[in-house]
Amino acid sequence: MEEITFEQFLQVELRVGEIVEAEVFAEARKPAYKLMVDFGPEVGIRKSSAQITTHYTPEELVGRQVVAVVNFPKKQIGPLMSECLVTGFHAADGGVVLCVPDQKVPLGSRLC
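Note that the working numbering gives residue 281 to position 7 of the sequence shown, counting from 1, and the numbers run on in steps of one.
Fair warning: there could be bad hints in the mix.
Distance windows between CB atoms, simulated [what the hints assert, rightly or not]:
hint, residue 1, residue 2, range
1, F280, V336, 31 to 37 Å
2, R384, K304, 26 to 32 Å
3, D376, A300, 28 to 34 Å
4, E333, E276, 37 to 43 Å
5, F363, T331, 14 to 20 Å
6, K378, T279, 29 to 35 Å
7, P375, T331, 18 to 24 Å
8, F283, K378, 22 to 28 Å
9, P375, E333, 27 to 33 Å
10, N345, V294, 17 to 23 Å
11, L385, G337, 31 to 37 Å
12, Q282, P305, 17 to 23 Å
For the record, the hints were derived by calculation from the structure and aren't laboratory data. This structure is a prediction, so every number in the text was calculated from the model and none was measured. Just so it is clear, CB atoms sit at the ideal spot from N, CA and C, and this is done for glycine as well.
Let the sequences and hints guide you as you build the complete structure.
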C-alpha cells in the first residue's frame, strides 16, 4: 500500500449527499443504477452511476445519505456523465455495500 500525506488526503472532497432519485441504468454493461445525489447548496445535485444492485433497490435508496467524492473530473459512463463517485465496500457475496454516516448529518458535510 502506498502512503500519502495528510495534505494529499485533504485534496479529496468526500462529502455527504442524499439520494433524491434512483433508477435502473439499463444501458450499463454491468448491473447499475443512475443516481441523483443532493450535496446541499454549496455543491448542488450531482449524477452518478453505482453498481449497488445486489443489496439495494431504487426505491430504498431514495432518501438515503451516502458518502461520495465530489471533486473527481466528470466521467462519461455510456450515455451518463458521472459527476461524483459514490463510495462503498465489497461484501463477502461480491455486492457493494454503501459507505454511509451512521447518523443524519447536514448535506455537503465533508469527511474530517
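- Item | Pairwise beta carbon distance, E333 to E276, judged against the given window 37 to 43 Å | The hinted range 37 to 43 Å holds for E333 and E276, with Cβ atoms some 40 Å apart.
- Task: For F363 and T331, compare the CB-CB distance with the range 14 to 20 Å and indicate the outcome.
- Result: Holds: the Cβ-Cβ distance is about 19 Å, inside 14 to 20 Å.
- Item | N345 versus V294 beta-carbon gap, inside 17 to 23 Å or not | holds, 20 Å
- Could one say that the CB atoms of P375 and E333 fall in the range 27 to 33 Å? For E333 against P375, whose Cβ atoms are near 21 Å apart, the range 27 to 33 Å is violated.
- Query: Regarding Q282 and P305, is the given constraint of 17 to 23 Å on their beta-carbon distance met?
  - Reply: For Q282 and P305 the Cβ distance comes to about 33 Å; the hint is violated.
- Query: Do the Cβ positions of D376 and A300 conform to the proposed distance bound of 28 to 34 Å?
  - Reply: About 33 Å separates the Cβ atoms of D376 and A300, which means 28 to 34 Å holds.
- Query: Taking the beta carbons of P375 and T331, is their distance inside 18 to 24 Å?
  - Reply: Holds: the Cβ-Cβ distance is about 21 Å, inside 18 to 24 Å.
- Using the Cβ atoms, figure out if L385 sits within 31 to 37 Å of G337. violated, 21 Å
- Message: Quick check: does the Cβ-Cβ distance between R384 and K304 fall within 26 to 32 Å?
- Response: Because 30 Å falls inside the window, the suggested range holds.
- Message: Taking 29 to 35 Å as the stated bounds, is the beta-carbon spacing between K378 and T279 within them?
- Response: holds, 32 Å
- Query: Honestly, do F280 and V336 meet the 31 to 37 Å range at C-beta?
  - Reply: holds, 35 Å
- Item | Assessment of proposed distance window 22 to 28 Å (beta carbons of F283, K378) | Holds, at about 25 Å.
The structure shown violates the earlier hints numbered 9, 11, 12.
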